[in-house]
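4 protein chains.
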Amino acid sequence: MPISINTRFAFGVDGPTDVLLQFEAAALPEQTILSCETHLPPGQDFTRVPADDDIGERIWLSADGHCEVEYRAKIEIKRQLADLSSLQSLPAHQLPGEAIHYLLDSRYCHADRFQPFAQSEFGHLEGGAQIAAMRDWIHDNFSYTPGASGPDTGAVESFVTRQGVCRDYAHVLVALARACAIPARYVSCYSPGVSPPDFHAVAEVFLADPEIEGGGTWQIVDATGMANPSETVKIGVGRDAADVSFMTTFGASDFKSSSVEVREE
Amino acid sequence: MPISINTRFAFGVDGPTDVLLQFEAAALPEQTILSCETHLPPGQDFTRVPADDDIGERIWLSADGHCEVEYRAKIEIKRQLADLSSLQSLPAHQLPGEAIHYLLDSRYCHADRFQPFAQSEFGHLEGGAQIAAMRDWIHDNFSYTPGASGPDTGAVESFVTRQGVCRDYAHVLVALARACAIPARYVSCYSPGVSPPDFHAVAEVFLADPEIEGGGTWQIVDATGMANPSETVKIGVGRDAADVSFMTTFGASDFKSSSVEVREE
Amino acid sequence: MPISINTRFAFGVDGPTDVLLQFEAAALPEQTILSCETHLPPGQDFTRVPADDDIGERIWLSADGHCEVEYRAKIEIKRQLADLSSLQSLPAHQLPGEAIHYLLDSRYCHADRFQPFAQSEFGHLEGGAQIAAMRDWIHDNFSYTPGASGPDTGAVESFVTRQGVCRDYAHVLVALARACAIPARYVSCYSPGVSPPDFHAVAEVFLADPEIEGGGTWQIVDATGMANPSETVKIGVGRDAADVSFMTTFGASDFKSSSVEVREE
Amino acid sequence: MPISINTRFAFGVDGPTDVLLQFEAAALPEQTILSCETHLPPGQDFTRVPADDDIGERIWLSADGHCEVEYRAKIEIKRQLADLSSLQSLPAHQLPGEAIHYLLDSRYCHADRFQPFAQSEFGHLEGGAQIAAMRDWIHDNFSYTPGASGPDTGAVESFVTRQGVCRDYAHVLVALARACAIPARYVSCYSPGVSPPDFHAVAEVFLADPEIEGGGTWQIVDATGMANPSETVKIGVGRDAADVSFMTTFGASDFKSSSVEVREE
Chain R
1 MPISINTRFA FGVDGPTDVL LQFEAAALPE QTILSCETHL PPGQDFTRVP
51 ADDDIGERIW LSADGHCEVE YRAKIEIKRQ LADLSSLQSL PAHQLPGEAI
101 HYLLDSRYCH ADRFQPFAQS EFGHLEGGAQ IAAMRDWIHD NFSYTPGASG
151 PDTGAVESFV TRQGVCRDYA HVLVALARAC AIPARYVSCY SPGVSPPDFH
201 AVAEVFLADP EIEGGGTWQI VDATGMANPS ETVKIGVGRD AADVSFMTTF
251 GASDFKSSSV EVREE
Chain L
1 MPISINTRFA FGVDGPTDVL LQFEAAALPE QTILSCETHL PPGQDFTRVP
51 ADDDIGERIW LSADGHCEVE YRAKIEIKRQ LADLSSLQSL PAHQLPGEAI
101 HYLLDSRYCH ADRFQPFAQS EFGHLEGGAQ IAAMRDWIHD NFSYTPGASG
151 PDTGAVESFV TRQGVCRDYA HVLVALARAC AIPARYVSCY SPGVSPPDFH
201 AVAEVFLADP EIEGGGTWQI VDATGMANPS ETVKIGVGRD AADVSFMTTF
251 GASDFKSSSV EVREE
Chain X
1 MPISINTRFA FGVDGPTDVL LQFEAAALPE QTILSCETHL PPGQDFTRVP
51 ADDDIGERIW LSADGHCEVE YRAKIEIKRQ LADLSSLQSL PAHQLPGEAI
101 HYLLDSRYCH ADRFQPFAQS EFGHLEGGAQ IAAMRDWIHD NFSYTPGASG
151 PDTGAVESFV TRQGVCRDYA HVLVALARAC AIPARYVSCY SPGVSPPDFH
201 AVAEVFLADP EIEGGGTWQI VDATGMANPS ETVKIGVGRD AADVSFMTTF
251 GASDFKSSSV EVREE
Chain F
1 MPISINTRFA FGVDGPTDVL LQFEAAALPE QTILSCETHL PPGQDFTRVP
51 ADDDIGERIW LSADGHCEVE YRAKIEIKRQ LADLSSLQSL PAHQLPGEAI
101 HYLLDSRYCH ADRFQPFAQS EFGHLEGGAQ IAAMRDWIHD NFSYTPGASG
151 PDTGAVESFV TRQGVCRDYA HVLVALARAC AIPARYVSCY SPGVSPPDFH
201 AVAEVFLADP EIEGGGTWQI VDATGMANPS ETVKIGVGRD AADVSFMTTF
251 GASDFKSSSV EVREE
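Residue numbers (full-length UniProt numbering), protein chains in the order written: chain R, 1 to 265; chain L, 1 to 265; chain X, 1 to 265; chain F, 1 to 265.
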C-alpha cells in the first residue's frame, strides 16, 4: 500500500536570503517514488544538491519576500525489516570509515556523557537486543509532550526532563547507542501514524548484516512507537536534527505555517 | 624545509576497551610523508580506516591495560597559499553537496546563534576579506589562556569569555564563518610555532578557487597567529573538535601523559 | 500621575498543585499603592509570604483545575532619581553582607565568564558611568525580538545572539555589572512604555549613595530604554528571572493566556 | 570529641584585586568554636561581613601579588540529629518566606527540569522518607570520580554522567528535593571522613520540625555517605556551590595550592 504525502509550509524573509530546504522523500532502493510534485516560490532561483550519505537531496533557494512551498508524493516502501533483537553489533574494528562519525558527539547528542549510564543500564546486553532495550526504556520513561522542548533542546536536557517530541526521543536513542559504540544517525521522515500530524524523526543504528559476512545494515528504530518502519518514508539522514532540518535560513526569517498530511492509501 | 614530528602519549584502560586514535599526518597532495613510524602498544589489535573527507586515517585499537603510543615523521609541505583577502565566496547554490554540512551547527559550533553579530560586525565584507576580518577580530579580542577552557567548552562560551586555546579560537572562527554562509571545518594539525608545544588546531574555510570557474578551495586560517599555513601538517578534518580528537575512548580511561615536538628541520 | 495596572492570566493544573505567584505591586516607600484588588480562583486556599529582600509578597496557591487570576491597582511613584553617571561604586569591603550574593553567579547570569570582556570594554570607567556605558552598549548592540529567546535563555546565550526581550536585556546587564564587582539584581515590574504590553523586567545596581557616607542605593537601569524609572512599578526583586517569575508551578500545568495593561492616568 | 581543622591555600593576583573568601567554621548554636586562628596575607586590607542566612562570615580581601591563607580551628559539635525518614514535609503554604528561594532554580541546580523524573521515581514517598530515597538513589547510581566534573558542571550534567564529587552529589540532591517542593540548600563544610581530604559539601533540606507545631528544621543529607552529620562542621550555606565557594576572585587569579586536614581529636 503506497504512502501519500501532502506538505505545505510558508515563511517570509526580508531581502534576498539563502534558504536550505530538505523535505522531499529520498529516492532509495527501499522506497520508490511513484509520483511527486514540488512547488517552490515562482521566480526564485533554486539548485538541488545531494544530501548527507547520498540519501535524498537538499534544495538551495534564493528566497525573497513571502515564500510558499508545497510537496505532494506517493511512495511505495519495500524495506527489508530484520528482527532487531536478533542482530549482532559489528566489532569496532569492522566498522567502515564512513560510519565512524556516527559514533561521535554532535550538536544535540553529547553521547560521551552517557557512557556510565548506558553501561550500567544496558551493558549486559549486546547489539540489537541492547538497542531494543534502550528503545523500550525511553518509551516507558518519557512522555510525549509537544511544547516541552524547543530548537535548543538536546539529548542531555531530554534525558533529565523525560519529556519531548519525536526529535527528542530520537536524540536520546542516538546518544545512548553511540555511548555503547553502536553507530547511530538521525532520520527525518514521513510516517502515517504520527499524532499530531507533522514531520517525524526516528533513529537508525548500524548493526551487523546477517546476510553479508562482515557487512553492516542501518535499521530504523522509533522510541516513540508511532512510526512503523514498514511505513516510514525517509527524507534525509544526519548526525542529529541540526543536519536535516526541513528549513535552515541564513539570515532572519519569519516562519508562518506548516501542514503535513501522511496517509496510507 | 621538512617538518619533523615526534609525539608520544600514554593512557590506561581497565579491561578491553575500544579506542579510536587519529594522530598521524595525513598523506595528501599538498603534504608528502617523507618518513614515518608509528608504535602502538604491542600485542593489541588495531585496524585503520579512512577518516572524514578521506583526509588521513583513524586507528581502532582494542586496548587493554597500560598503553603507550609513539609517532615520528618527516613531512614536506607544498601547499598553494592564496591571498586570503582576495578570494571570493561561492554563492550558496554553487556549493557542492559535501560542503553543506560544514554550514550547519555542530557539537561545539552553534553557528546559527552568531548570525546577528556576524552580520553586524562583518556583514559589510565578503568572502576571504570577511574571513580575514573575523580572524583578526578574534586575534585582537581573545587572550590565549591555557587552562581557561575544557573539553565541554564550545564557541558560545568562548565568545563570552574571550579566552581559550587553539581549539577555542578555531571553534569561534568556524562558527562565525558558518553564520555568514561560508562552509568552515576544523583541522587538527601539527605546526612548529605552537607554544607551549602541543597538538594544534586551525580552521579551514571553503571559498571560490580563482583558478577553477565554479570551483572551491579549502583555505587554512589560524586566529591564534601561531601556525604558518605553509608549515602546518594536517592530521584530519571534521565539523569541530569532536570529530578529530587524537583519542576517543569507548569506556573509562585514565589519560597519563603526552608530549608533542614539532620542528622545522 | 498615578500608574494604573490591569493584569489577568489563566492556567490549568490537573489535580491539586502548589503554585507560587508574584504579580502584585510591592508596597514600598518609593511607590504608594493608592488602590488594589486581587482576584484569585474562588474556593482555593492561598497564603501570602514576604518575598526576597522584603520587597513585595509571594502568594502560595493550592490550585486545582482551571484557574484565573485578576489584579487591578493604582500606584503613585515618588522615586528619587539620581543621575546615574555621577554615582560612585562602593569599594567591595564596604558592601553590606546582604548585597554580596548579588555579585555571584545565578541561574541565568553566569557573571564570572564576562570578566575579561567587561574589563576590556568597560574597565576604563567606574561606578554609575560604567553601568551607563554597559546599558548603552546593550541598547546599541541588541535588537528587541520577541520570540528569539525562551525560558532557558541566559545571559551567555543572549550575549551571543544579541537578541531578546526585556528579561534578556536585564540578564546581560546584571551579568556585566557583577563581572565588574557591582552588585546587581533583577527587578520584575510594570511600566507604561512597554511594547507589546507585558510584564516588564529591569536591572537594579547597588552604588554609593551620595547622601549617606558609606551607604549604598539601588538604582533602576533599563537597557531596553522602554521603561522610565520614574514610572516603573516594582513587583519583586531577585538574583535573576528564576526568582521573580509571576508564576512557578510545582507540577505540570497548562498556561492559557495572559494580558497586561499599564497606563499613566 | 572535637573536630580539628587545618587548612591552607595560596594564590596569586596580578595587581590589586578584590577576593571574597569563605573558609572558616561558622559560629552556631549547634557547633562551638573552641579555638581558631586565621592568617591572612600580611599588609593587605580585609573586612568581614555576615554570610547568607547569617551563617558564618565572608572575608573581603584586597589582594595583591602572592597570597597565602591559613586557618586552624577546633570545633565541638552538638547537633540534634533527627531520624530523617520519620520527618514530614511542611505544606507549601506553611513555608516561611525566607525558605522559598531554596525552592527555585539556581546556577547549578535547574530544579524545574527534574519534576517529571522526581515525581515518577520518588512521588510515592513524602517528606524525609522521600529525601532519604533520593539520597540512596544517588549513592547507588553515581560513582565518586574526582576529575570527572569541573567548575561549570551542574546537576543536569551530573544526572546524565552519573559521576562527580561531593559538590555534584549535593547539587543533584538539591535539585531533586526542590523538584518535589522541598526547600534545599547547599552547605560547604569540613568533615573528617572525606577522602581524598578536601573541602566538603552536603545538602540541607527543610522539613517539619517534630518538636515545633508549624515549624521547620534544616537537616543535613550527604549523598556521598562520606560525612556523618554529627561530625560535619558548617562553613556556610547558599543556593548552590556558586554562593559558598571558598574563594571568588573579581579579576584574573592564579590558584596555586590548597590542603585541608580534618581530624576527630
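No lab work stands behind these hints: they were computed from the structure.
Be aware that one or more of the hints could be misleading.
Stated by the list, open to error - Have a look at the derived ranges for each label pair, beta carbon to beta carbon: (1) 10/F with 14/X: 50 to 60 angstroms; (2) 123/R with 10/F: 35 to 45 angstroms; (3) 27/X with 195/F: 44 to 54 angstroms; (4) 146/L with 88/R: 56 to 66 angstroms; (5) 261/R with 14/X: 46 to 56 angstroms; (6) 14/X with 195/R: 36 to 46 angstroms; (7) 120/R with 264/L: 48 to 58 angstroms; (8) 16/X with 254/R: 35 to 45 angstroms.
Said to hold, decoys possible - Every beta carbon over 10 angstroms from chain L, so not counted as near; a handful from chain X, in silico: (9) 53; (10) 70; (11) 76; (12) 83; (13) 86; (14) 116; (15) 120; (16) 163; (17) 229; (18) 251.
Stated by the list, open to error - Chain X is faced by these chain F residues, among others (derived, beta-carbon under 10 angstroms): (19) 6; (20) 9; (21) 10; (22) 12; (23) 19; (24) 43; (25) 92; (26) 95; (27) 97; (28) 108; (29) 113; (30) 179; (31) 181; (32) 248; (33) 250; (34) 252.
As the structure is a prediction and not an experimental result, all values here were calculated from the model.
For each residue, glycine too, the CB sits at the ideal point set by N, CA and C.
Comparing the hints with the structure gives:
Separation of residue 10/F from residue 14/X is about 56 angstroms and conforms to the stated range, judged on CB atoms against 50 to 60 angstroms. Separation of residue 123/R from residue 10/F is about 43 angstroms and conforms to the stated range, judged on CB atoms against 35 to 45 angstroms. Distance hint check: the CB atoms of residue 27/X and residue 195/F are about 52 angstroms apart, consistent with the given range 44 to 54 angstroms. For the pair residue 146/L and residue 88/R, the beta carbons lie near 44 angstroms from each other, so the given range of 56 to 66 angstroms is not met.
Between residue 261/R and residue 14/X the Cβ separation comes to about 31 angstroms, which falls outside the hinted range of 46 to 56 angstroms. Under the hint 36 to 46 angstroms, the C-beta atoms of residue 14/X and residue 195/R, about 20 angstroms apart, miss the expected range. Between residue 120/R and residue 264/L the C-beta distance comes to about 49 angstroms, which sits within the given range of 48 to 58 angstroms. Our hint of 35 to 45 angstroms for residue 16/X and residue 254/R holds, since their Cβ atoms are close to 41 angstroms apart.
For residue 53/X, the condition that its CB be more than 10 angstroms from all CB atoms of chain L holds, with the nearest at approximately 28 angstroms. Listed as a non-interface residue, residue 70/X keeps its Cβ farther than 10 angstroms from every Cβ of chain L; the least gap is roughly 38 angstroms. Against chain L, the non-interface label of residue 76/X holds: every CB pair exceeds 10 angstroms, the least being about 40 angstroms. Non-interface call for residue 83/X relative to chain L: holds, since the shortest CB-CB distance, roughly 31 angstroms, exceeds 10 angstroms.
No Cβ of chain L comes within 10 angstroms of the Cβ of residue 86/X; the nearest lies about 30 angstroms off, and the non-interface call holds. Separation of residue 116/X from chain L is inadequate, the least Cβ-Cβ distance of about 5 angstroms not exceeding the 10 angstroms criterion. Under the 10 angstroms C-beta cut-off, the non-interface status given to residue 120/X relative to chain L is violated; the minimum distance is some 7 angstroms. With a cut of 10 angstroms on Cβ distances, residue 163/X falls inside the contact zone with chain L, its closest approach being about 6 angstroms.
No beta-carbon of chain L comes within 10 angstroms of the beta-carbon of residue 229/X; the shortest separation is about 28 angstroms. Under the 10 angstroms C-beta cut-off, the non-interface status given to residue 251/X relative to chain L holds; the minimum distance is some 32 angstroms. For the restraint placing residue 6/F at the interface with chain X, the shortest Cβ-Cβ distance is roughly 27 angstroms, beyond the 10 angstroms limit, so the hint is violated. Taking 10 angstroms as the C-beta contact cut-off toward chain X, the hint placing residue 9/F at the interface is violated, the least distance being around 19 angstroms.
Nearest Cβ of chain X to the Cβ of residue 10/F: about 21 angstroms, over the 10 angstroms cut. The hint is violated. Taking 10 angstroms as the C-beta contact cut-off toward chain X, the hint placing residue 12/F at the interface is violated, the least distance being around 16 angstroms. Proximity of residue 19/F to chain X holds as hinted, the smallest CB-CB distance being about 9 angstroms (cut-off 10 angstroms). For residue 43/F, the suggested interface contact is broken, since its CB lies about 15 angstroms from the closest CB of chain X, more than 10 angstroms.
Using the Cβ-Cβ criterion of 10 angstroms, the hint placing residue 92/F at the interface with chain X is satisfied: the shortest such distance is roughly 4 angstroms. Restraint check, residue 95/F versus chain X: the minimum CB separation of about 7 angstroms is within 10 angstroms; hint holds. A distance limit of 10 angstroms between C-beta atoms decides the matter here; for residue 97/F the minimum to chain X is near 4 angstroms, and the interface restraint holds. Evaluation of the residue 108/F hint against chain X yields a held restraint, the C-beta minimum of about 9 angstroms falling below 10 angstroms.
Look at residue 113/F: its Cβ gets to within about 9 angstroms of chain X, closer than 10 angstroms, so that hint holds up. Annotation: interface hint on residue 179/F holds; nearest CB of chain X at approximately 8 angstroms, less than 10 angstroms. This hint holds: residue 181/F has a C-beta 4 angstroms from the nearest C-beta of chain X, less than the 10 angstroms allowed. Among the interface hints, the one on residue 248/F holds; its C-beta lies about 7 angstroms from the nearest C-beta in chain X, closer than the 10 angstroms criterion.
Annotation: interface hint on residue 250/F holds; nearest CB of chain X at approximately 4 angstroms, less than 10 angstroms. A cut of 10 angstroms between beta carbons decides the hint on residue 252/F: the least distance to chain X is about 8 angstroms, and the hint holds.
Taken one by one, the earlier hints fail for this structure at numbers 4, 5, 6, 14, 15, 16, 19, 20, 21, 22 and 24, listed in ascending order.
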